[in-house]
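Enquirer: These protein sequence lines map, in sequence, to chains L and A.
Residues 1 to 302 (our numbering) make up the first sequence, in order.
Residues 1 to 305 (our numbering) make up the second sequence, in order.
Careful: at least some of the hints might be erroneous.
[Unchecked claim] Simulated pairs of lysine-lysine, DSS-like, Cα-Cα distance not exceeding 30 Å:
hint, chain 1, residue 1, chain 2, residue 2
1, L, K195, L, K106
2, L, K106, A, K20
3, L, K195, A, K20
The hints are simulated quantities; they were obtained by calculation from the structure and are not laboratory data.
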Amino acid sequence: MAATRRPSRRLREDRILAAVLLAPALLIIAVVTIYPLLHSFWISLHAWNLMKPKEGNPFVGLDNYINTLTDPIFLDSLRVTIIFTIAAVVIEISLAMGIALILNRKFIGRGLVRMLALLPWAVPAVVNGIMWKWILNPSYGALNGLLYSLGLIDEYVIWLGSPELALAMVVVADLWKETPFIMLLLLAALQTIPKDLYEAATVDGANVVQSFFRITLPLIQPVLFVAIALRTIWALKSFDLIYTLTAGGPSNGTSVVGYYTYIKSFVSLQLGRGAAVAYIMTLFVLILVYIYYRVLYRKVEY
Amino acid sequence: MATLSTPSPLRHTPGRRWRKARSAIGGILFYALVGMLVFALLAPFVWMIISSISPPTELASKPIHWIPEHPTLDRYRALFFGARPGEIVPIAVSKFINAMKSSLIIATATTLVCIITGTAAAYALIRLPVPKKEGFLFGMLAAQMMPIIVIIIPLYLMMQRLVLNDTWQGMILLYSGFMLPTVIWIMYGYFQTLPEELEEAAMIDGCSRVGALLRVVLPISGPGLVAISAFAFLYTWNEFFMALIFTASRTKTIPVIVTEFSTQAGIDYGLMTTAGVIGSLPPLILAFLLQRYIVAGLTSGAVKG
Numbered sequence: 001m002a003a004t005r006r007p008s009r010r011l012r013e014d015r016i017l018a019a020v021l022l023a024p025a026l027l028i029i030a031v032v033t034i035y036p037l038l039h040s041f042w043i044s045l046h047a048w049n050l051m052k053p054k055e056g057n058p059f060v061g062l063d064n065y066i067n068t069l070t071d072p073i074f075l076d077s078l079r080v081t082i083i084f085t086i087a088a089v090v091i092e093i094s095l096a097m098g099i100a101l102i103l104n105r106k107f108i109g110r111g112l113v114r115m116l117a118l119l120p121w122a123v124p125a126v127v128n129g130i131m132w133k134w135i136l137n138p139s140y141g142a143l144n145g146l147l148y149s150l151g152l153i154d155e156y157v158i159w160l161g162s163p164e165l166a167l168a169m170v171v172v173a174d175l176w177k178e179t180p181f182i183m184l185l186l187l188a189a190l191q192t193i194p195k196d197l198y199e200a201a202t203v204d205g206a207n208v209v210q211s212f213f214r215i216t217l218p219l220i221q222p223v224l225f226v227a228i229a230l231r232t233i234w235a236l237k238s239f240d241l242i243y244t245l246t247a248g249g250p251s252n253g254t255s256v257v258g259y260y261t262y263i264k265s266f267v268s269l270q271l272g273r274g275a276a277v278a279y280i281m282t283l284f285v286l287i288l289v290y291i292y293y294r295v296l297y298r299k300v301e302y
Numbered sequence: 001m002a003t004l005s006t007p008s009p010l011r012h013t014p015g016r017r018w019r020k021a022r023s024a025i026g027g028i029l030f031y032a033l034v035g036m037l038v039f040a041l042l043a044p045f046v047w048m049i050i051s052s053i054s055p056p057t058e059l060a061s062k063p064i065h066w067i068p069e070h071p072t073l074d075r076y077r078a079l080f081f082g083a084r085p086g087e088i089v090p091i092a093v094s095k096f097i098n099a100m101k102s103s104l105i106i107a108t109a110t111t112l113v114c115i116i117t118g119t120a121a122a123y124a125l126i127r128l129p130v131p132k133k134e135g136f137l138f139g140m141l142a143a144q145m146m147p148i149i150v151i152i153i154p155l156y157l158m159m160q161r162l163v164l165n166d167t168w169q170g171m172i173l174l175y176s177g178f179m180l181p182t183v184i185w186i187m188y189g190y191f192q193t194l195p196e197e198l199e200e201a202a203m204i205d206g207c208s209r210v211g212a213l214l215r216v217v218l219p220i221s222g223p224g225l226v227a228i229s230a231f232a233f234l235y236t237w238n239e240f241f242m243a244l245i246f247t248a249s250r251t252k253t254i255p256v257i258v259t260e261f262s263t264q265a266g267i268d269y270g271l272m273t274t275a276g277v278i279g280s281l282p283p284l285i286l287a288f289l290l291q292r293y294i295v296a297g298l299t300s301g302a303v304k305g
């Protein structure tokens with residue numbers, strides 16, 4: 001009898017222990033993310049403008065969503081976000097891949113290079129923003145100074161002066177901060193590939209390009225996918241860099257959806273609208289997370 | 001025989017020399033590329049350091065002063081010990097030390113909360129019977145990826161109601177909530193690499209499960225714990241958006257202060273870069289010291305899941 005009861009008692013105890021161990025973390029997460037997430041949806045269904053307190057906050061159904069999706073400024077910020085995300089992700093992933101392939105061998109100073117690659121990742125995003133703002137300063141910036149002394153430009157360029165150029169500069173600042181991190185991820189993946197696979201391929205007459213597409217790419221594909229998914233999600237959420245470097249300008253040329261939401265909620269104080277925009281943005285991100293999770297989970301399974 | 005074999009090395013000499021030359025060129029090319037990479041990694045940050053020690057006249061000079069002729073630590077002195085009487089500086093200068101303290105307290109406390117509650121939760125998820133475990137893991141990942149902006153308004157209302165706006169406790173609660181999913185996710189990945197047999201052996205020897213966790217699992221979890229501590233501290237120290245919304249005069253953190261170096265005359269770039277350099281030091285030192293654990297954590301947490 002005792003023998004048949006013992007496992008079930010242990011199971012019961014384990015269940016209680018699991019609940020006790022999970023409770024503090026889940027409680028904090030629930031208070032800080034899950035409850036506000038639901039509340040946010042509720043707010044998004046109401047008109048709530050702190051500038052017009054007399055109007056109260058009546059239920060308006062999906063009006064906030066409809067108004068957002070038909071707002072030309074929102075659509076413009078969506079366009080900016082998509083351009084920024086695609087440009088940043090494509091350039092960062094290809095650059096990181098190239099650098100990782102170059103560094104994937106033993107050489108003097110490898111440890112040092114890998115350590116330095118952590119620098120941009122560790123620097124606060126805000127500091128990255130002000131750093132580039134200073135480098136790109138039209139009168140005293142280092143970029144103008146460098147290009148001028150090399151004779152590449154005849155007069156100083158106002159880097160953040162036009163919407164297109166400013167967006168390109170935001171991508172440049174983002175590249176500096178994010179590429180090394182992706183490079184480290186890819187490099188770690190490359191180092192797990194056994195060297196004899198390449199030797200065998202060379203013996204069989206494969207050239208470098210063939211080895212890359214037949215061996216390297218398939219083997220690091222899961223990590224590459226993770227890198228692309230992570231970068232896409234982060235790029236969609238960009239805020240700190242935009243806030244410090246361009247403040248969405250000039251003429252909204254760098255106003256990504258994250259920045260637009262901030263303005264709607266905390267500058268024009270239209271809380272209902274802000275919540276609706278944020279929900280639309282989250283939907284995009286969640287779809288990506290789901291795809292990302294499916295791929296990850298498939299990999300964990302075996 | 002000897003005469004017959006002589007032509008062969010002769011014939012091969014040019015090829016070998018060519019190969020040697022080619023590998024030498026390859027080596028030079030390789031190190032040139034590495035040099036360019038290192039330059040790209042360092043140059044912007046080094047320029048920020050140089051700017052922080054250049055006197056104002058050299059900062060505003062044309063053509064540009066690459067190496068400061070009269071380096072000065074005046075701005076560092078101002079940020080740490082306050083401005084000289086009569087000196088006109090942005091208000092942020094007087095708030096800098098307080099922001100340092102605030103960032104340090106919030107980041108340290110958040111890290112502690114995350115380590116304790118996150119490790120407990122990750123252990124429960126990996127070893128104990130938890131219903132709908134897969135749902136939990138997806139929930140953690142979704143929470144980790146969720147744009148903070150979507151919940152910022154309800155959070156603001158909640159913090160106001162709980163009188164937690166501009167308090168250390170409030171910031172620690174918020175940051176813990178956002179960091180915990182990542183911490184649990186990384187720690188879960190780390191626990192996966194530990195053999196379950198160790199705990200089972202301890203439990204057969206009469207150890208309780210909690211005893212096994214404390215005496216067997218935790219002592220060998222060092223690398224995982226170091227990695228999550230580093231992540232939690234770095235994330236909290238660097239976080240800007242929530243700090244911008246929720247902190248005011250009392251708890252303003254370094255990233256917020258760094259953006260506030262403007263006067264009526266415009267932005268004081270010298271002081272701003274100085275604040276940027278000082279504000280980057282704690283995360284940089286941490287990243288360099290714990291390099292090995294961070295890279296391992298990145299790969300196990302972000303890649304393996």
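Enquirer: Are the hints correct? Go through all of them and say.
Expert: Right, here's what the structure says about each hint:
Straight-line distance between C-alpha atoms of K195/L and K106/L comes to about 12 Å, which keeps the hinted pair within the 30 Å bound. Proximity of K106/L to K20/A is assessed by CA-CA distance (about 18 Å); at most 30 Å being required, the pair is judged to hold. Among the hinted pairs, K195/L with K20/A is consistent with the structure: their alpha-carbon atoms are about 23 Å apart, no more than 30 Å.
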